[in-house]
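K.L.:
In case you want the letters, here they are:
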Amino acid sequence: MMSIASNSQPLLTMTMASAILPQLIIAFGITLALLLVAWKRSQRTIALFTFLTLFIALLANVSLQAMPATQVTQLLKVDGYSTFAFSLILISALVALRMSHSFLKAHVEVHDEYYLLLLLLVLGAGVLVASDHFASLFLGFELLSISLVGLVGYHRESNYSVESAFKYLVLSATASSFMLLGIAFIYSVTGDLSFNATIPTAIYHQQGLGLFFQLGLLLFVSGIAFKLSIAPFHFWTPDVYQGAPTPITMLMATISKVAMFVVLLKCIIAQRYLLLENFQLFLTSFAVISMLLGNVMALQQQNLKRLLAYSSIAHMGYLLIVIIVTSAQSLAFTWQSALFYLAAYTVANLSIFIIIALIQQQNTSSLYQEDISLTDLQGLFWRAPSYALLMILGLLSLAGIPLTMGFIGKFYILSQATIAHAWWLIATLIIGSAIGLAYYLPMIFKIFADTPSDTLCDTQKMNGKVKALGGDIIEQVLVYSFITFGLVFGVLPEVINQLIAS
Amino acid sequence: MTVIPLFHVLILSTLLFAIGFIGVVARKNTLFILMSLEIMLNAVGVAFIGAGSVWQQADGQVMFLLILTLAAAEVAVGLALLIRMQKKYRSLDIDLLNQMKG
Amino acid sequence: MTLSLIMLALLITGALAWRAERYWQGSAKWLALMSLALLAITFAGFVINYAISHNNDFAQLQVLSRINWIKTFNIQYSIALDQLSIVLIALTWLLAIICVLVSWREIKRHVGFYYFNLLLTIAGIIGVFVAVDMFLFFFFWEVMLLPMTAIIAIWGHEKRYFAALKFFIFTQVSSLLMLVAIIATGYFHLLQTGQLSFYYLDWLLLDIPLEISQYLMLGFFIAFAVKLPSVPVHSWLPDAHTQAPTAGSVLLAGVLLKTGAYGLIRFVIFLFPQASVQFAPIAATLAVVSIVYGAKMAFAQQDFKRLVAYSSISHMGFVMLALFAFNSMAYQGAIVTMVAHGLSSAALFAMAGMIYQRIHSRDLADMGGFWQSAPRMGGFALAFAGAAFGLPGLANFIGEFLSLVGVFQVMPEFAIIAALGLIGSAIYGMVLFQASFQGAPKREIIDLQSRELIICGSLLLMLLAIGLYPMLLLKFSFGV
Amino acid sequence: MIVLLASLPFYPLVSFLVLIAFGKKLSWQLAAIISVSSIALTVLVSAILLFELSASQNQVLTVNLWHWFDLTNQMGTSEVNMRFYLDGLSAVMISVVTGVGFLIHLFAAIYMKTDANFSRFMAYMNLFIVAMLILVLADNLVLLYLGWEGVGLCSFLLIGFWYQEKSNILAARKAFIVTRIGDTSMVIGLLLLFNTFGELNIKAVTTLAQQGHNLAAGSSPVSSAEQANDIYWIALLLLGGAVGKSAQLPLQTWLPDAMAGPTPVSALIHAATMVTVGVYLIARMHGIFLLVPEVMNYVAWLGASTLLLAGVAALAQTDIKRVLAYSTMSQIGYMMLALGAGAWSAGVFHLMTHAFFKALLFLTAGAVIYALHHQQNLFKMGGLFKKLPFETSLFVVGLICLMALPGTSGFFSKEAIIAQLWSSSTAGPMLWWCAILGALLTSIYSCRLFFLAFLGTARFSENTHPEKSTLLRSALIVLALLSLFGGLIPLDLTLVFSTVIQTPLAQLIEPTWLHTVAIITPFIGILFSWFYFKNYRLSPLKGTKHNIQPSKGKFVVFCRQGLGFDACYNALLVKPYQWLAQINKHDIFDQIIMLNAGYVNLWHDSLIFVQNGSLRWYLAAFGLAIMLLLGVSLL
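Going down the list, the sequences are from chains A, B, C and D. Just so we're aligned, residue 1 is where the first sequence starts under the numbering used here, counting upward by one. Just so we're aligned, residue 1 is where the second sequence starts under the numbering used here, counting upward by one. Just so we're aligned, residue 1 is where the third sequence starts under the numbering used here, counting upward by one. Just so we're aligned, residue 1 is where the fourth sequence starts under the numbering used here, counting upward by one.
I should point out that these hints are in silico values taken from the structure, not numbers from a laboratory. From a predicted model like this one, the values you see are computed outputs, not experimental measurements. C-beta atoms are modelled at their ideal positions from N, C-alpha and C, and glycine is treated no differently. Careful: at least some of the hints might be erroneous.
[As the list claims (entries may be wrong)] Simulated crosslink set (DSS-like; lysine-lysine; CA at most 27 Å straight-line):
| hint | chain 1 | residue 1 | chain 2 | residue 2 |
| --- | --- | --- | --- | --- |
| 1 | C | Lys296 | D | Lys575 |
| 2 | D | Lys468 | D | Lys386 |
| 3 | D | Lys585 | C | Lys442 |
[As the list claims (entries may be wrong)] Residues of chain C clear of chain A, computed beta-carbon distances all greater than 10 Å:
| hint | residue |
| --- | --- |
| 4 | Ala153 |
| 5 | Gln172 |
| 6 | Ile282 |
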């Protein structure tokens, strides 16, 4: 039972520092940003500065890939998996940063808090991804939640922002207190807050205090499930996704999901919670409900963001299968399938949200980018083929159709489930993806549908319209790069497998 | 100094937590919801302190310090939102916040 | 290697056609036609000189190339050819050219993108017929669906979205079951030989105990039963056919149904022999029910294309019955029926397209007495309806007779009920022909033009050739 | 010479293709010349072939065109190829088909010259001759089946030639589907046959069956019993096919409706050639039928019952062509009776003579109808002997052959059949009496037809304009001569039916009065109808205007509609099938699946209700979920 303060080695050796270099870069970035704000208040510089910090952190993180797993103080442990997850997070942050330019231009005053909150959010996620101790988990969780509350309610004038911010605040506060209570009960029984503490297996089954352990475990998992928007605790997701501005919804859908899932997986594997059979029961019930509920509720959604919220609930259900069926000897394979699926899910969501942001840019009706409905997609393919192609790729990837990363992700999960003979989970997955097709495909058909004004020959119409869809060179580059990302990794997933396999 | 068994501490914190949770669910005024959130967090603090003392480790108290900072941050953001809600809706009734549904 | 190049060429010419259409009108269809013809010739040339240089008659699977694709699962990009796939690919080439000819004047919106999708579907279908690695097979199996659904959804008729959605969900759900079966067999291979592989030839050496192979076989069977519509899961076909554009339904009926039958042959009967023998009675009942049910439903239809769609369900019921009889006579009958059905249903759908172009309706009530104003079209329609109900001298009769002889030796009572299906086919054949071409002439329609004559003429010639001299085809399927 | 045999069916095929390709452009004369000359050519070639046949050593000519396909079963593979096989029986058939066909083509060329798509008509007639020749010359049963279906298709096309009227289409469809039922039973027969003998070549099958039979007599009973049972079923199924095509009892309802087609069609297809195809099949497969006497008994009884039924129905008809149709049905009943009784050559001989006089009757009826501006109702004719003397005399010739008055060809063939009935093992005295009763009925309805149409007063006002063209009349005269003196054509089919096993059991002593009764029955019939139908033939007394109405009696109307067979088939088969099709129009399976989709949408609506946007409800749900999970984990 090693307490934090009393140990002889120096607190932070060189190897440890280099291990958590990306997180350190972002932390210094935040402080420098605060100083920058004091020195010269202009939105362009703060945006550029944030871009630089994130970019350098990404470079540092990628260079970390080859590094063996190192324990940085008792709180953090950086290994191949966390670096891959953190690079995913940094990429999504960069894309969100790019997308928020147009959104912020709509208001006159300078928005340096926006960028600060963004950096804080990324730092929180970084801490979470590398955490190895309940305290660091708690720190990362809170950093993430509080900064997200600020970002969700960023627009003062929009009528939804107060409502969604408040809903998110109250619900995330309750969830974190549930989680903390859970951690407290676990701590009270096991006596050690770090993940890889050796928990005597006897504890799992003894009455009395053991009961508190199980209660604590349930509370802890429900707190995390809230953040991952898993079925019974998903109620906040549709409203907050719709209320928040699009770049922030993109962040919520990708960064918070990736970070939370990685930390949940680390904690469950390290603490070997799966030995408890009703823990297995909780997770299976979570997975089945969220798979069915997410898909069914998304069926006739008209608002795109609400639809994507429900589809993210369903996808978290698919991901849970990876945890349920994991077994001691196939840990590496579990990590590989989980991270690949997360990568596919993130790329798909990023591509869809990029297109939603671009569409919202040009129709000024929804200044605060809340209500983007299915009819806005009408005939997008004939107006802007490249945008439509990216949207279709994203949707196909979410639906799990070959040619896209989503399919390889689903293939991973299905192979894991078949090895573990989890036939019922496979059946739910198949039914879920069948229902999923019932709302992904109509969206694609809508993209191909003829716009009512499509009388004149479509060739001239196309040239005229693309310019109108706006988006200067960087957006075009972003769109084309994501198309190539989606296709290349869809057809040749081997590239990512190397990255994960450490 | 009589040793208070861990069991009692945990029961106390669960009860306190339950009170806070009911406060959050039942209350109509947003201010009281924030207050009940505080109660829940303090209940967790109690549990940590109790656990820490049983295991003779400082971890419990360190966690409690962290919880306090969290509570402070949350309340700050909560009150800010409260003010904006007041300006926008002219009332603090939580049930006004239900435009987004379906 | 040339086979992958052919598929790639199809993709590239598709994109080219799409681009070319933007600059000068009408170039896409010529480009598509030229590329299809050229690639068909290259394919034929490749097969012939491969046969000569390696002097084998493709009786066994000739593996053409194996390139590592996904190392973590030991998945290779491996393709191979044998007699069955050559026959079916030849059918695909022919029907592809027919499709381009049929949609010459019918497609007016987004013409370039249409030909892109058409060529992509053809590439997908050829991929399905040549893929030997199970993952690659599944990959092509799904890739084939995407452009096909796009064709139905974008260029279809009034209820096209519903039909495209139904078509996609039906096939997708059943192929997910197949994916689970593929993975399970792959890991069984790992269990047995310690090395995970999805390679078809490795799987052939596996001996899986019956109670496991039974379920694996079922996973494959359901996916192929949906594609080859057998009764309980057939309801996507009539909708997809009625709403698809003519070329779409020609392709759908002509070739996509054959991928189901091909899958049955290669991945159910050859891969899990004991399980399929044990499953044979159930499959035979399903087949017989779909023969009789298809014929009955066809009789009740008012829509020209829906009637022909139900008739294809009845014909494919014959194929399934013949396959599950496990004797070489029935197997040859199945192959001839597949090719014959491909040609005759493609012809009937082309005919439906031509009628639709003239009177903009598919309802038999609007038709009537066309023979008066379009005698040539009437003649061809009679010949194709004759082929549909198994008139001897045309290809379908040979297929049906061979499969009936084969099935009779193994399960006589099923053969007798299937023979009753012949009466059913005569009834709907009569209804189809008489309602549209005989009776009091309601409207004047112009007779077949030169392009349409080429289509009908070539198809009729093929049907007659196979009908009168089936050795053309039969010496190809001795391999079993 | 072999090339001649191979090329026999190809002359009409060429003319068919020419007519189809350039149909519209050809004038009437040119089209007529092409089609009739091609049939003339076939007549010439078949004459040469007949001569060659008699010269050849074992009276058999075969030619192999090309290898069609192979059939394999456990006994090994047997080749099925396009081979023509000419022996005594098929010689008779091709002479009938081409000879009578040529005359009918000649008649049709003039009769149909005013029709708009004349060339299409002649094309179908040629195609019919092609299919008929293939059927007759086929050496294996699959090729026979090809001809069989081809003939069915042509009869469908020709019956529904005037496809503008709805009734013609229905008649054509009915004909095709009813014959198709027969064909399906024949296909099943073929399957069983191949399964037992492993061979579909007719010669080989008959020899195998014989060996099997002789062997069975000696060897173990097991294999023979099972094989005998198979042979029983094969014979029965082949009989089903024959019954379908030759419009015998169970499947005869299509023949009367087939009269909707033009008259030359009824003459060629529904009198001379197609309907006799069933008889040809049974004659050709006599080797099989001989082994199963019970089936031959069924054939006999079937023939007899159709004979009587058709005779009774013919009595009640009002349309001249329907009377002839029922008379054809009864004459074929005679042939079936003959085959059933084992009198093979007599049956085939009657087939030939029947072709002559029935074609003559139909053609003259056609000429009469043409003269009376397409009036087919007997009760609207009358007194024609004054107006159309030529047609009347020909009709009389036809009728006396039909009634088998001594000296005519009908007499020779019918007497041959009746003579062998009494003592044959598979028929018997009972059937002999049916045959006599049938002959009586035939003579009665013939006289009724003659009196109604030709004697009595003219019950029509417009004047007749008979077709006077010499070609047409010469064709009719040739036919009349043939039907009068056809009986003298020497026909020795002993070689074909050599395998007939002489019935070992003792000859039943035939009573002497057998022949006399057979000869005098037609005269009794004439006498009876002379008195019974008195008012039909006598011109009414001056001043009293009485026109004869078809009797409305319930029984007579019942007979007129083909003794209720039509009605009961409609009620039992057609209506239920249509009803079944209509109720399941929207595909039960489809609805089940759509039900699931609906169910999911129902789920969607109820769940959306849960997401009602109020924060406190979300929190309550949060707590509820935890309580639930806690409860579950405690259990």
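K.L.:
Each hint should be assessed against the structure and marked as holding or not.
P.N.:
Comparing the hints with the structure gives:
1. A C-alpha spacing of about 13 Å is found between lysine 296 of chain C and lysine 575 of chain D, which places the hinted pair at or below 27 Å, so the restraint holds.
2. Of the pairs offered as hints, the one joining lysine 468 of chain D and lysine 386 of chain D holds, with about 16 Å between alpha carbons and a cut-off of 27 Å not exceeded.
3. For the suggested pair lysine 585 of chain D and lysine 442 of chain C, the alpha carbons sit about 26 Å apart, so the restraint of at most 27 Å is met.
4. Listed as outside the interface, alanine 153 of chain C is inconsistent with that label: its C-beta sits roughly 5 Å from the nearest C-beta of chain A, within the 10 Å cut-off.
5. Not every Cβ of chain A is farther than 10 Å from the Cβ of glutamine 172 of chain C; the closest lies at roughly 6 Å, contradicting the non-interface assignment.
6. Every C-beta of chain A lies more than 10 Å from that of isoleucine 282 of chain C, the closest at about 21 Å, which supports listing it as non-interface.
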